[in-house]
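Here's the letter readout for the chains.
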Amino acid sequence: MTERALYRTQPRTLRALTVLAGVGAILFLVGLLVDSHRAWAGYLIGFHYVVGLALAGPLFIAVLALSGARWADAAAPVPRLMAQRLPLAFGLGLILCLGIPSLYEWSHSAQVAQDPLLQHKAPWLNTGGFIVRLLLYFLAWYLATRLLLRRSQGGTRGALLRASALFMLVFAVGYSLASVDWIESLDPHWFSTIFALYILAGLGVSGLACAILIFIGLRRAGSLGPGRHVELLDDLGKIAIGLTLFWAYIWYCQYMLIWYTDMPEETPWYVLRLRGTWQSLTPACLVLNWAIPFLALMLRRLRRSEAAMARIAIVMLIGHGLDLYLLISPTAHPSDPLIGPWELGPILLCLSLFTLALLRGLERRPAELSG
Amino acid sequence: MSTDSAAVPLITGGKTPADVTRDVCTPLERRPTALWWLGMLIAVTALGIGVASISYQIMVGIGTWGLNRTVGWGFDITNFVFWVGIGHAGTLISAVLLLFRQKWRTSINRSAEAMTIFAVICAALFPLIHMGRPWLAYWVFPYPNPRGPLWVNFRSALLWDVFAISTYFTISLVFWYVGLIPDLATVRDRATGRWRKRIFGTLSLGWSGTARNWSRYETACVLLAALATPLVVSVHSVVSSDFATAVIPGWHATLFPPYFVIGAIFSGFAMVLTLMLVARKVMNFEDYITRKHIEAICKVLVFTGTIVGLAYATEFFMSWYSGSGYERFVFLNRVAGPFSAAFGVMVLCNVITPQLLWFRAVRNNLLVVFIISLMVNLGMWFERFVIIVTSLSRDFLPSSWSGYVPTWIEVGALVGSFGLFFTCFLLFCRFVPAISMFEVKGVLEHKHSEEGA
Chain Z
229 MTERALYRTQ PRTLRALTVL AGVGAILFLV GLLVDSHRAW AGYLIGFHYV
279 VGLALAGPLF IAVLALSGAR WADAAAPVPR LMAQRLPLAF GLGLILCLGI
329 PSLYEWSHSA QVAQDPLLQH KAPWLNTGGF IVRLLLYFLA WYLATRLLLR
379 RSQGGTRGAL LRASALFMLV FAVGYSLASV DWIESLDPHW FSTIFALYIL
429 AGLGVSGLAC AILIFIGLRR AGSLGPGRHV ELLDDLGKIA IGLTLFWAYI
479 WYCQYMLIWY TDMPEETPWY VLRLRGTWQS LTPACLVLNW AIPFLALMLR
529 RLRRSEAAMA RIAIVMLIGH GLDLYLLISP TAHPSDPLIG PWELGPILLC
579 LSLFTLALLR GLERRPAELS G
Chain X
16 MSTDSAAVPL ITGGKTPADV TRDVCTPLER RPTALWWLGM LIAVTALGIG
66 VASISYQIMV GIGTWGLNRT VGWGFDITNF VFWVGIGHAG TLISAVLLLF
116 RQKWRTSINR SAEAMTIFAV ICAALFPLIH MGRPWLAYWV FPYPNPRGPL
166 WVNFRSALLW DVFAISTYFT ISLVFWYVGL IPDLATVRDR ATGRWRKRIF
216 GTLSLGWSGT ARNWSRYETA CVLLAALATP LVVSVHSVVS SDFATAVIPG
266 WHATLFPPYF VIGAIFSGFA MVLTLMLVAR KVMNFEDYIT RKHIEAICKV
316 LVFTGTIVGL AYATEFFMSW YSGSGYERFV FLNRVAGPFS AAFGVMVLCN
366 VITPQLLWFR AVRNNLLVVF IISLMVNLGM WFERFVIIVT SLSRDFLPSS
416 WSGYVPTWIE VGALVGSFGL FFTCFLLFCR FVPAISMFEV KGVLEHKHSE
466 EGA
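In order, the protein sequence lines correspond to chains Z and X. Taking my numbering, the leading residue of the first sequence gets 229, the next gets one more, and so forth. Taking my numbering, the leading residue of the second sequence gets 16, the next gets one more, and so forth.
Hints in this document: simulated from the structure, not taken from any laboratory. Even for Gly, the Cβ is constructed at its ideal location relative to N, Cα and C. Be aware that a few hints might be false.
Said to hold, decoys possible - Stretches of chain Z that chain X covers, calculated by requiring three or more beta carbons in the stretch to come under 8 Å of a beta carbon on chain X:
# : segment
1 : 346 to 355
2 : 397 to 410
3 : 421 to 433
Unchecked claim - A few chain Z residues facing chain X, derived, Cβ under 10 Å:
#  : residue
4  : L294
5  : G296
6  : G470
7  : L473
8  : Y480
9  : C481
10 : Y483
11 : L485
12 : E493
13 : E494
14 : T495
Please put together the full structure from these sequences, using the hints given.
Right, dumping it as structure tokens:
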């Protein structure tokens, strides 16, 4: 790999993104004063979005290594680039800790005192535990990712396989528990054993969509070197079919089983989300995350067109945003779905910071990106 | 799932295409070996035990089983779920791995698909005999009938099973048969006897091996693979709904569908491994089912086994986190209750021993691998037993709690299902090319230019 940067962003673009991040930050700060519940809910959406994209990087590297796949070698810089955003996600996570009182009912001792169920869960759901676990998750993910990135650059295949397997274990256990901490415990009375898998499916869909966009961007900039890029795009499209289908399958499993048994400890989650205006968002979520990408990707012509794939990826990313919104916001404002500056501000902040970091990552350390 | 070192060939022994045809077809054309007869003797004996047990049960009634008013499902449904699960590896290997272009599937897909079909037959047997009056089994199908308002209940997961399993069986059978056609034609072309030629000629549907034949054929295979792929997930998801749509603690968990699917793949691959380790010895297929295949299956096992372990852990964590006293009790009862031994076997065989497969030394020791594969089979049977029986025997009302001890008739039926499975499998090895010759020829090293038959 030459020392030339993989990609040079126009200074204009960087400035625009910095301005967007600044606007997001200001809106977030104002939002905290005006309606802290909504601002923190928005922040959690943005944070969770970024964590997912960052973790998708090492996940893809590990899965490709373990399955002995070589078809994506030409796109090797893409997941590495995403993986290097993990420290940013960690930084955002530290800020999240400040939002615990606004987001989580279980952090209020007065509420816990009069709720036996919250008392039962208090050994797990408490502010100190939340922060310590958040630190542990990120520490474990960071160390495992660093090892994986090193091993995937040099060293034996055996060492790479061991690092991949280690990452998979650390990721699977950590992300399952984190999904309980960060999202499932927003409604601390509710539980679902499939929940972590649902969150994981969302990570897969959004991470792949992001990877497809980066891949197309790098290809257009001529940064990827020779390779059968159309074939690769086609294969990414096929994987995307599988992942959207997986997401829909997990969505259906949870919904169908809770609807079917109709048990009072489980249904409130859906009752809240299928009431009033919220009701229209669930079908929209299914259409964006599953129907549109699934049907569009069935067409070989579209899978092999960069313009079409970029659009499909954007639909998937918007769908994932809506999915997170439906997971997080109903607890912040149950009566009606609200989307305004107080949600959009922090989401904008997190996503533009992520994009900025991605673009800067492309310029700074090209050697580290080669697979 | 691995092409560790692309340099190591999948098929060893420097085989030419002609060698492949000869090695695979010879066992079909000569008299069976003594080892085959011995295997057949054992399998048919087991089948006989099953036929006797089931006949007795049908004559006398379901009372010959150890079921009672509390534990309404025992060995029967455990066996059903176990056998359906076994089938999954066949479909996964032939359909999903075909779509993923995994070349190592070629030596084992044929027999794994056959295994699927036989396993589904064994599975279907148990709900059938559980009906008590199996001659009325056709009542499960929805069709206009003279039985007044008697009609199937579309809201019941048990009816979904009927559709899921019959679809699965049909597609698997078609897929397997279509996969056989070019090889049946090869057998036809080698046949000497008149009847043999005629039978295989009919079965191979006039295959002539032209470019047009092959082009159509490959399209058909990919389409069938795409059709079969959803079945890998759907069938066991539906089977899991038999439990998850109930409100019994330990049964109602939203995780059940994917958890059952991954368990099915786990147990199915264990059975594939068991069968392949035996087949390569008995049928002299050591050059076709190589260490590389065994290694790949072992990796699938350690991967799926770890996910199964994670699923167990999730269930335990959630039984506490849910704050539901019933859930917590059921899971503690699994660990320390009357069926704790079954739970111990399940954890030991499904979670702990497969972890040994992380080590290359273990994966290369075929005896140890064989033992581990048997243990996984055992453990996955016990997993279903634990789920079904512990939850039923201790439900909400302590006054209705009860135990469960299987009778010899139930054990006989289980033994019989193994007999049926192995009888079918041995007949398959005897009469049909057990390795997909035309696909194996495609992954041979291209050192030899000689044309095969």
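Name the hints, by number, that the structure is in violation of. 14
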